[in-house]
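Chains as they are written, first to last, in the working numbering: chain A, 1 to 113; chain B, 1 to 109.
Please note that a few of the clues may not be correct.
Unchecked claim - Distance condition first, Cα-Cα at most 20 Å in a straight line; then the derived PhoX-like pairs of lysine-lysine:
| # | chain 1 | residue 1 | chain 2 | residue 2 |
| --- | --- | --- | --- | --- |
| 1 | B | K40 | A | K44 |
| 2 | B | K40 | A | K9 |
| 3 | A | K44 | A | K57 |
| 4 | B | K37 | B | K56 |
| 5 | B | K57 | A | K101 |
| 6 | A | K44 | B | K3 |
| 7 | B | K68 | B | K56 |
| 8 | B | K41 | A | K101 |
| 9 | A | K101 | B | K56 |
| 10 | B | K3 | B | K68 |
| 11 | B | K41 | A | K9 |
| 12 | A | K101 | B | K37 |
| 13 | B | K41 | A | K44 |
Claimed, not checked - From the structure, some residues in chain A lie toward chain B, with a derived Cβ separation under 10 Å:
| # | residue |
| --- | --- |
| 14 | E59 |
| 15 | E100 |
| 16 | F104 |
The set of hints was computed from the structure by calculation and includes no laboratory data. Predicted, not measured: the structure shown is a model, and the values here were computed from it. For every residue, glycine included, the Cβ atom is placed at its ideal position computed from N, Cα and C.
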Amino acid sequence: NAGVTQTPKFRILKIGQSMTLQCTQDMNHNYMYWYRQDPGMGLKLIYYSVGAGITDKGEVPNGYNVSRSTTEDFPLRLELAAPSQTSVYFCASRTEPGLEKLFFGSGTQLSVL
Amino acid sequence: EDKVVQSPLSLVVHEGDTVTLNCSYEVTNFRSLLWYKQEKKAPTFLFMLTSSGIEKKSGRLSSILDKKELFSILNITATQTGDSAIYLCASNTGNQFYFGTGTSLTVIP
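Same shape as in the complex, but just chain A (with noise of 0.2 Å):
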């Protein structure tokens, strides 16, 4: 019962350095969400995908990039990292409409100095 898988953990970027965060499922949903999550401040969406080859800006996408090329795979890409982008991200998949109820992964907690 892996759900929705995250790595890595924990990470400590310096300014400027890029880096992939990977997210993986294994419930063949074709929703999946990229999110990040300050202190006190609730989660921000950063990019959706609802199906593969499809993906959307959500209300935070500056700094970050996805592709979706397999239904499982949703990585987020931090280009040139800043340290405003220090934050936790969290990955979710979502049961398909009528069900809608987001799954999420354990987090990686990213530093940027």
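Please arrange chain B on chain A, whose structure you already have, making use of the hints.
Then chain B, alone, in the frame of chain A:
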């Protein structure tokens, strides 16, 4: 702009107390309202509400939605220390889920 507002931001109670957490929403194309509990790590699902006036219940937790006044409440009775967490509500608008900032609940023994 779609938004979800939760109150209070934080709450400290003693074991055995009853608490009410509030969530109001202003979103286009509302489909459902969800409640999650977050302890340290990923949020875990509590309730999904789609119809006004119908209470969802799970043990000591219950929730209800008012679609006319655009709000939901989450009640926790006979609180326990294990209820200490951040409680998030989210509004589903079809493809997207908009989250509130959460209510941080601390239950003191």
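Evaluated hints:
Taking the CA atoms of K40 of chain B and K44 of chain A, the gap is about 17 Å. The hint holds against a cut of 20 Å. About 13 Å separates the Cα atoms of K40 of chain B and K9 of chain A, which keeps this hinted pair within 20 Å; it holds. Annotation: proposed proximity of K44 of chain A to K57 of chain A holds, straight-line Cα distance about 11 Å (limit 20 Å). Between the alpha carbons of K37 of chain B and K56 of chain B the distance comes to roughly 15 Å, so the proposed pair stays at or under 20 Å and holds.
Proximity of K57 of chain B to K101 of chain A is assessed by CA-CA distance (about 17 Å); at most 20 Å being required, the pair is judged to hold. For the proposed pair K44 of chain A and K3 of chain B, the alpha carbon gap of about 11 Å is at most 20 Å, so the pair holds. Note on K68 of chain B and K56 of chain B: the hinted pairing holds, with a Cα-Cα distance of about 18 Å set against a maximum of 20 Å. Simply put, K41 of chain B and K101 of chain A have alpha-carbon atoms about 18 Å apart, close enough for the 20 Å limit, and the pair holds.
For the given pair, K101 of chain A sits about 15 Å from K56 of chain B by alpha-carbon distance, which is consistent with the 20 Å threshold. For the hint linking K3 of chain B to K68 of chain B, the alpha-carbon distance of about 16 Å falls within 20 Å, and the restraint holds. This hinted pair checks out: K41 of chain B and K9 of chain A have alpha carbons roughly 11 Å apart, not beyond 20 Å. At most 20 Å may separate the alpha-carbon atoms for a hinted pair to count; K101 of chain A and K37 of chain B meet this at roughly 13 Å.
Distance check on the hinted pair: K41 of chain B and K44 of chain A sit about 16 Å apart at the alpha-carbon level, within 20 Å; holds. Evaluation of the E59 of chain A hint against chain B yields a held restraint, the C-beta minimum of about 8 Å falling below 10 Å. Interface restraint check: E100 of chain A against chain B, minimum CB-CB distance 5 Å, threshold 10 Å, status holds. Annotation: interface hint on F104 of chain A holds; nearest CB of chain B at approximately 4 Å, less than 10 Å.
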